Amino acid sequence: MNFVKRTKRAGDGAATLLMVVPATVVFVVMLVVPVGLAFYLSLTDWDGYSAQPKIIGGSNYTHLFSDPVMRHAAFVTLLVAVAGTAGMNLLGLGFALLVNGTSRINRFLRVVLFYPHVLSALVVGFLWSAILGTTGAVNSLLTAHGGSVLPFLSDPTWALITMIAVLVWAGFGVNVVLYLAGLQAVPRSLVEAARIDGATRWQVFRHVTLPALGPVVTVNIVLSLVTLLKTYDLVVSLTAGGPAGQTQTVAYLILWNSFHDNRLGFGSAQSVVLMIVTGILALVVTRMRRRGEMAVYS
Amino acid sequence: MSELTVTESRAEEGTAVSEAAAPERRSVRRRSGLPRAVFLGLVAIFMLTPLYVLVVNAFKPQEEILANPFGLPVGALTTRYLSHALHNPQFNIVRGYAVTILFVVAVNVLSVALAGPVAYVIARSSRRRYRLLLLTFLAGTFIPGQVLVIPVVYVLKTLGLMGTIRGFVLFETALTLPFSVFLYAGYIGTIPPTLDQAAAVDGAGRLRTFWKIIFPLMRPVVATMVILNTFSVWNDFVNPQIILGPGSGLYTVTTGVYAAVSQYSTDYSVVFPTLLLAIAPLLVFFVVMQRHIISGLTAGATKG
Chain A
1 MNFVKRTKRA GDGAATLLMV VPATVVFVVM LVVPVGLAFY LSLTDWDGYS AQPKIIGGSN
61 YTHLFSDPVM RHAAFVTLLV AVAGTAGMNL LGLGFALLVN GTSRINRFLR VVLFYPHVLS
121 ALVVGFLWSA ILGTTGAVNS LLTAHGGSVL PFLSDPTWAL ITMIAVLVWA GFGVNVVLYL
181 AGLQAVPRSL VEAARIDGAT RWQVFRHVTL PALGPVVTVN IVLSLVTLLK TYDLVVSLTA
241 GGPAGQTQTV AYLILWNSFH DNRLGFGSAQ SVVLMIVTGI LALVVTRMRR RGEMAVYS
Chain B
1 MSELTVTESR AEEGTAVSEA AAPERRSVRR RSGLPRAVFL GLVAIFMLTP LYVLVVNAFK
61 PQEEILANPF GLPVGALTTR YLSHALHNPQ FNIVRGYAVT ILFVVAVNVL SVALAGPVAY
121 VIARSSRRRY RLLLLTFLAG TFIPGQVLVI PVVYVLKTLG LMGTIRGFVL FETALTLPFS
181 VFLYAGYIGT IPPTLDQAAA VDGAGRLRTF WKIIFPLMRP VVATMVILNT FSVWNDFVNP
241 QIILGPGSGL YTVTTGVYAA VSQYSTDYSV VFPTLLLAIA PLLVFFVVMQ RHIISGLTAG
301 ATKG
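Which chain is which? The protein sequence lines are A and B, in order. Residue numbers 1 to 298, in the UniProt record's numbering, belong to the letters of the first sequence in order. Residue numbers 1 to 304, in the UniProt record's numbering, belong to the letters of the second sequence in order.
Treat the hints with care, since some could be wrong.
[Said to hold, decoys possible] Reference listing, derived: stretches of chain A covered by chain B, where coverage requires no fewer than 3 residues with Cβ under 8 Å from a Cβ of chain B:
| hint | region |
| --- | --- |
| 1 | 103-113 |
| 2 | 260-271 |
[As the list claims (entries may be wrong)] Have a look at the derived ranges for each label pair, beta carbon to beta carbon:
| hint | chain 1 | residue 1 | chain 2 | residue 2 | range |
| --- | --- | --- | --- | --- | --- |
| 3 | B | GLY189 | A | ALA165 | 23 to 29 Å |
| 4 | B | THR136 | A | SER154 | 47 to 53 Å |
| 5 | A | ARG188 | B | ILE45 | 29 to 35 Å |
| 6 | A | LEU283 | B | VAL74 | 53 to 59 Å |
| 7 | B | THR49 | A | ARG290 | 39 to 45 Å |
| 8 | A | ALA165 | B | HIS84 | 20 to 26 Å |
| 9 | B | PRO281 | A | TRP158 | 30 to 36 Å |
| 10 | A | ALA165 | B | ARG208 | 52 to 58 Å |
These are calculated hints, taken from the structure and not from any lab test. For clarity, every value in this text was computed on a predicted model and none was experimentally measured. Yeah, the Cβ is synthetic: ideal placement off N, Cα and C, and Gly gets one too.
Isolated chain B (complex conformation):
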């Protein structure tokens, strides 16, 4: 609690100058008294407790977890169970990381390579057929993923891609296309077309103009999509579970956690270390880039 008060007072120091400048800030400040600080502090503790339990218990043996789940016995902490989880025969988590990162990279690269050019053509053309195409992609953002799993299995089986990495990556990429095209086309619309004309005068074709001139300017919006796609591929459970199937031996981090944890759900010396290993990379990524990630994921949430 004392740590919180320190941060609070430091935060107030930081805003002292602007408060003097803006009188309405004072009313805000009056409200932010002790009760508010205490309440928000309690809420923060409630939100963070599960994470604390997860991290602390990943370093404790089963008896210690059962006897004192919230305790932090500094002397008794051990990385033994973490390393057990790393070498779990049920689920090789290092391989899970590799597979997941492969999927994340493949989906992101393919998604940008497909959605970028088509968004460029749509944004730079006033033709009716391209406006219709944009509307079709837009309608795609309303398709609920749950409805798709069953018929996609049918499509992938027909194409001979069921249970393959190619089929999975193709489907995950397709899921990213509607929103990507929509975002990219909107963004390209704000880039002056005079840039394209200058490139055309210099003899560059359309493809070259897009990749060399326009694409480098799209960095912010591509970053948003990459964040969004990375989290949705990493956290996806249904699609890899069904399309890759347990029989293929290909586990992403998320389907691997399911395979490793559901069988031992009361052996907490397996549960906590496995869960910690599954979320650690994402949490680090989140803490480092939180502002971009919050705005990126929120943009993705509103796509409906």
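Isolated chain A, as found in the complex:
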């Protein structure tokens, strides 16, 4: 009996190993090791081919911080992230309040606001460039009616604004859904009590709904920021970084340097910096929001 029990347990141990090891190995080899490697490769001159990249110390990093192209890309990326986050969250919360409820029209609107998120950013970019390009749909319409061509994608400033607008168009549906979920958790009794006490709609929103949404707002802001900081696909398809490189983001430069110019060591340094900046920003926002939430409640 004892023997039977022991072999059974040993068999179970083997089964447990069989259940744990494969996933862990794939996870470690494909995700954990690469994160470490990114740091190592950022100190090398790896060109993507040599098996033994030469270690060149921190020169990728010094080069990176003095590179004007990189600085401009950092500026573009931050602008896109901040403006996009503001747009997505204002629209996200606003429309969540507007389409809150289970009527058929609300459900239809939620689908309509969300659907661009289903499409790949690449397709979204190609589609909007066909609509807003110099010979695109909008400009064809304008010139057909005697107007002049609007430089949505051919003027640097316009192109940046267009890119941010398209990012918001494609992404704020997710924020709507997240804010809607948050709104369901706002205690009805609080809202009703405020209404009975004679609070206006705006006062209820400002002093009851918004504070109760606190954590949801934080999640949404961090989520939008993190997503927008790595904007890549849309740059490729909407502007290809142009005009004259003015809409290149950091992620665009990382992949360009790495796989067009074969400077994967340099690209690694850029991606390490991007990862650290993203982490710091997410942390700072969470901290700031927490302090803000405390202030509201105290």
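Given the coordinates of chain A, assemble chain B onto it according to the supplied hints.
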């Protein structure tokens, strides 16, 4: 516009009973007057216009698109350009569908086969090492994909898997593991362990207990992950582009669209039909299962 008003009034009829029951609904209703309906209608039109332009122009010749991009010349519509796009020598979209579906199925099957069992062990054990393992997987959800492309190329080259389907599927699967393990372990935690004990009494081993007893109960959470993985593999551009490489001749729908469209970006009789073919399957899938897809993709978005 008139169609919208019809839907609106029908929706109001539908809620009339509950409105009578709940008095606070009335204030909601007062707000949902004409201005709100008009505004939301305009927003819906703005959101849907790009899709309309895409669909309509996929059936028109270049001159017609340039002359009247928003028009719907019912008589002049043709499927000629759609069939051209289907037989584009630059990018065989039928093959693109096949390759993408192969990847989607492979990643989903492998992801469930790997993440399910390990999540089960983690959820059913109070041992420290498994709690640490869960934390490690959880930390993995914070790894930004962009950082990984370059070092993964190094790993795949070392393993001799660069430019292969196996290497690509393995990496895409690895990307799905952290969040899957996290979701599955949480879900299994809600399934009573008495079920496992009953199976053990009947002589089933751990593997059998998981696959025969627990796994069938995980359908909702597996469905969420399958939706999430399907969209992320289908829409992924960077990873297939870099790992499979343009040289391999292996295009997914998304990398194929890039190959076909970027060169002809002003020949709209190529652009629109190709884009339409690329998104049609996903859009149909979305319309049929929208509620599950919205909640699934939103769950995925919050993973950080």
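Going down the list of hints, with the structure as the test:
no.: 1; hint: 103-113; result: holds (count 10)
no.: 2; hint: 260-271; result: holds (count 4)
no.: 3; hint: B/GLY189 <-> A/ALA165: 23 to 29 Å; result: violated, 43 Å
no.: 4; hint: B/THR136 <-> A/SER154: 47 to 53 Å; result: holds, 48 Å
no.: 5; hint: A/ARG188 <-> B/ILE45: 29 to 35 Å; result: holds, 33 Å
no.: 6; hint: A/LEU283 <-> B/VAL74: 53 to 59 Å; result: holds, 57 Å
no.: 7; hint: B/THR49 <-> A/ARG290: 39 to 45 Å; result: holds, 40 Å
no.: 8; hint: A/ALA165 <-> B/HIS84: 20 to 26 Å; result: violated, 32 Å
no.: 9; hint: B/PRO281 <-> A/TRP158: 30 to 36 Å; result: holds, 34 Å
no.: 10; hint: A/ALA165 <-> B/ARG208: 52 to 58 Å; result: holds, 55 Å
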